[in-house]
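**Q** Chains as they are written, first to last, in the numbering used here: chain A, 1 to 207; chain B, 208 to 672; chain C, 673 to 920.
Among the clues, some could well be false.
Derived DSS-like pairs: lysine-lysine, alpha-carbon spacing no greater than 25 angstroms straight-line [to be verified]: (1) B:Lys233 <-> C:Lys878; (2) B:Lys599 <-> B:Lys643; (3) B:Lys216 <-> B:Lys599; (4) B:Lys643 <-> C:Lys709; (5) A:Lys89 <-> A:Lys70; (6) B:Lys553 <-> A:Lys161; (7) C:Lys709 <-> B:Lys607; (8) B:Lys367 <-> A:Lys89; (9) A:Lys161 <-> A:Lys70; (10) A:Lys190 <-> A:Lys89; (11) B:Lys220 <-> B:Lys233; (12) B:Lys484 <-> B:Lys504; (13) B:Lys553 <-> B:Lys504; (14) C:Lys830 <-> C:Lys878; (15) C:Lys830 <-> C:Lys787.
Please keep in mind that the hints were generated in silico from the structure rather than gathered at the bench.
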Amino acid sequence: MNSMQVLSRNTILGAVRASQPAAQPMPTIPHFHTNKPADLAAAFCASIARMAGVVVTEDVPDLDSFLRAKFPNAKVICSAIPEFAGTIKPASFNDWSEASTIDVCILRSPMAVAETGSILLSDMELQVNTIAFLAHDLVVLLDAQQIVSNIHDAYEHPHFKQRQYSVLMTGPSGSGDIGGVVVHPAQAAKTLTVLLSPAPNAGKRTG
Amino acid sequence: MSRPVDQAKNAEKFLADTVHEQRLDKLLWAMRMRRDAAARQVPEWEDLRSLASAIKEHTLSNLSDYLIQFEARATANGVTVHWARDAHEHNQIVYDLLAEQGMNLLVKSKSMLTEECEMRPFLERRGIRVTETDLGERIQQLDDQPPGHIVGPAIHKTNKDVAVLFSEKYGSDPNNEDTAYLAGVMRENTRPDFLTARAGMTGANFVVAETGAIVVATNEGNADLSANTPRLHICSVGIEKVIPTTESLAVFIRLLARSATGDTITQYTSMFRGPRKGAAMHVILVDNGRSARLGMKRFWHSLKCIRCAACMNTCPVYRRSGGLSYGSTYMGPIGIIMMPTFEIRKYSELPFSSTLNGSCSNVCPVKIDIHEQIYGWREVMEENDQIQVVKKEAMRVADKVLSHPALYQIATATLSTALEVLPHFAIYSRLNAWGKHRDVPDAARETFHEWYSTHRLRANEEVRS
Amino acid sequence: MQVALMVPCYIDMFYPHVGIATLELLERLGIDVVYPKDQTCCGQPMANSGCYEEAQATEEHCARVFGSFDCVVTPSGSCTHHIRNKFTAGADSPERQNLVRNTYDLVEFLHDVLKVREFPWTTFEHKVALHTSCSAIRGLNMASMSERVHAPVFSKPKALLSGVPGIEFVEFERVDECCGFGGTFAATEEAVSAKMGYDKLALIEKASPECIVSSDMSCLMHLQGCARRQKQDIPFYHVVEVLNGVSL
């Protein structure tokens with residue numbers, strides 16, 4: 001830190017110390033489980049649907065034919081999961097802007113939230129963070145056992161303390177900036193499809 | 208020395224445009240109704256508000272410790288932390304970071320702080336092109352207007368306004384007012400900048416001291432694109448945005464989107480803890496008057512603000528005035544209590560752009576006593592000689608009359624005098640303003656006082672004075 | 673029981689019949705009503721305009737006039753709110769403290785102190801649009817507010833009016849949005865103030881009431897001014913007039 005920065009830092013901290021009101025206590029934060037939904041998967045599906053996300057609850061035994069049927073014009077399919085090859089892996093991108101060539105991106109999320117319909121992704125699952133944002137369509141595998149009740153539960157996930165980048169993603173990108181009417185897509189993914197599928201190491205918590 | 212912003216006159220102009228005014232009023236009231244519906248779904252809503260308020264008050268009253276903790280943790284994660292005392296210092300830091308690597312394009316997501324610092328003109332004058340990637344911010348940038356609302360910067364514009372603007376700037380179809388089409392025009396025209404820019408900037412909704420992370424909430428994913436695509440991520444954030452822990456973050460995330468738009472959460476709630484390999488992340492902690500405001504006994508609670516704009520959506524004055532009428536970075540109820548701390552004279556009349564109805568304080572997720580602070584600022588304006596001399600004089604006359612029963616009774620005895628006295632002290636320099644859009648009340652045949660004297664005064668009634 | 677009657681300055685000047693109805697109603701209920709002749713104003717117009725120093729003499733006078741009474745009643749939510757919550761321009765004194773403690777809005781007094789619920793001496797077979805002022809709702813807790821979505825819904829003025837045989841209430845949208853009066857705001861930002869008034873009247877009109885009733889004459893003064901300007905012929909009544917007995 002150069003000397004100007006040291007001066008700024010000390011000035012600000014000094015001013016804050018001089019101004020701050022008498023210390024007030026930190027409250028205890030409950031996790032509000034009294035209204036926990038009985039069926040977390042159903043609650044998750046309803047929540048994500050409100051944000052234009054799509055959930056496929058039936059078993060998808062063949063991911064390849066599922067993708068060909070759903071995205072017939074897709075040429076570049078980036079797979080970030082080991083059990084599916086796709087046409088390209090995230091590690092192939094030298095510059096993160098190259099992810100803009102991706103048509104469909106396949107990922108697995110380690111956790112979802114019933115309250116909001118959010119799925120968790122981090123640099124661990126993404127490897128190249130931009131694959132989830134520059135790809136046109138996202139397909140995310142999720143183990144229904146890894147759906148938690150609410151946001152309080154969600155923020156207990158170790159990713160938030162360990163990863164350099166993590167995101168709670170809720171549906172495809174949208175914007176209500178024109179006339180307050182939410183439209184999709186805005187700048188990032190056009191669609192988000194979640195496939196309920198048990199994790200490969202089912203029973204062992206990943207991440 | 209600038210003249211005070213005449214919000215009332217600006218509002219009158221906005222009202223004359225019935226198309227825009229009616230649309231804004233309906234749209235934002237609908238937003239308020241969506242907020243109500245979302246709150247109804249959360250039985251613990253009032254508990255969350257109390258918790259959020261308490262967490263912020265705890266943090267602000269221990270702010271120096273939390274800032275130091277954040278700096279240590281962020282630095283350990285590979286983040287470079289900068290400190291900016293004021294807007295100019297902030298802008299200089301940003302410029303230096305870009306210039307030292309010869310960067311001349313910056314993509315950025317929404318940051319009211321950078322508006323406050325007037326960063327864009329500062330950078331543009333020095334040859335750096337800045338692309339606002341938030342749709343609302345972009346619209347306002349193209350139209351050379353400041354944001355009109357802190358969540359939806361262009362919410363006051365009709366689809367037609369945007370279609371015409373985009374056709375002028377992007378060559379799109381001026382007659383296609385479809386919202387999805389317009390969003391598509393934005394997407395097409397912004398994507399190239401995401402891919403070529405070597406620097407991206409975000410603001411931050413929250414700064415988590417415990418982990419050294421910053422949190423950004425967007426609908427569009429433009430913050431994630433701005434921060435992740437280039438190899439340089441700069442985050443500008445006010446020092447008041449600090450919260451202690453990831454656990455406390457949950458409380459705010461549950462309140463933020465519900466208060467702003469009625470959704471349970473924004474599409475992207477992202478946490479940036481540090482740079483990837485081969486990239487750099489810088490966080491600029493900005494004071495710009497916040498530490499001074501922290502020392503204001505009556506007004507420091509305004510620092511709890513999480514920028515949800517619920518106060519604006521519910522404010523009946525804002526909805527009929529439009530955000531641009533305030534002539535300020537922050538507008539509506541929260542703007543009224545923040546802006547005088549930046550420039551007291553320029554914003555000396557804003558505290559009067561309120562009916563003190565109190566709706567704002569009751570939708571505020573962090574329980575800022577907004578309407579009480581608005582009232583408090585009125586007193587401060589008097590203490591600082593910011594009240595117009597004419598108005599003060601009229602009030603002095605009123606006080607003299609109203610504190611002397613004999614004078615008061617004489618003044619109100621004759622009907623025409625009554626009408627002169629009452630509107631006079633209410634109207635100060637705007638004579639007959641009452642009657643501009645309303646009929647004046649009929650003067651009574653006799654005042655209550657006269658009636659009582661005539662019909663009820665008993666010889667032996669004790670009159671206490 | 674003895675009560676001092678405070679008649680707000682604008683009711684004294686423009687709506688003395690509201691003061692008369694208040695006096696008559698309290699006497700009907702067996703209250704010994706004293707009207708201190710030297711009363712003038714509570715100081716709100718000056719204090720709300722930020723002319724705090726210019727409210728001092730008026731507020732001190734008010735404290736002197738009323739400060740020795742155990743109970744002060746006024747047919748005005750805004751004056752009560754000012755006295756109870758913002759009465760700080762004048763010097764502190766035992767009289768001021770007394771006044772702050774003992775002032776009631778008429779509706780509060782009837783509902784909470786006298787606990788009256790029946791008004792059998794009159795009928796009011798009409799459809800009423802009930803408007804409750806922001807001072808009454810958010811300042812005096814006289815009715816629930818729409819922002820607090822989980823709080824029980826209640827309204828003291830409605831509870832009282834429901835005791836008048838024949839009365840019907842109409843429902844209208846944005847029921848607790850501010851009418852736009854706001855004290856001196858009505859003149860300092862009159863274009864917005866008037867628009868708020870017009871908008872509220874339009875929403876009320878959609879429900880087809882026969883009259884508009886409120887416990888704050890200041891709101892009604894403003895709405896009446898707006899209505900007349902638009903040649904709307906709807907009558908306005910203070911709650912106390914309906915409770916005491918009035919015909920359309």
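**Q** None of the hints should be skipped; say for each whether it holds.
**A** Each hint tested on the structure:
1. B:Lys233 <-> C:Lys878: This hinted pair holds, its Cα atoms lying about 16 angstroms apart.
2. B:Lys599 <-> B:Lys643: The hint holds at about 23 angstroms.
3. B:Lys216 <-> B:Lys599: holds, 20 angstroms
4. B:Lys643 <-> C:Lys709: Violated. Lys643 of chain B to Lys709 of chain C sits at ~35 angstroms, over the 25 angstroms cutoff.
5. A:Lys89 <-> A:Lys70: Distance of about 20 angstroms is within 25 angstroms: holds.
6. B:Lys553 <-> A:Lys161: Violated: Lys553 of chain B and Lys161 of chain A sit about 44 angstroms apart, past 25 angstroms.
7. C:Lys709 <-> B:Lys607: holds, 18 angstroms
8. B:Lys367 <-> A:Lys89: violated, 43 angstroms
9. A:Lys161 <-> A:Lys70: Roughly 36 angstroms separates the two Cα atoms, so the pair is violated.
10. A:Lys190 <-> A:Lys89: holds, 21 angstroms
11. B:Lys220 <-> B:Lys233: holds, 18 angstroms
12. B:Lys484 <-> B:Lys504: violated, 45 angstroms
13. B:Lys553 <-> B:Lys504: holds, 22 angstroms
14. C:Lys830 <-> C:Lys878: The given pair, whose Cα atoms are some 20 angstroms apart, holds under the 25 angstroms limit.
15. C:Lys830 <-> C:Lys787: holds, 14 angstroms
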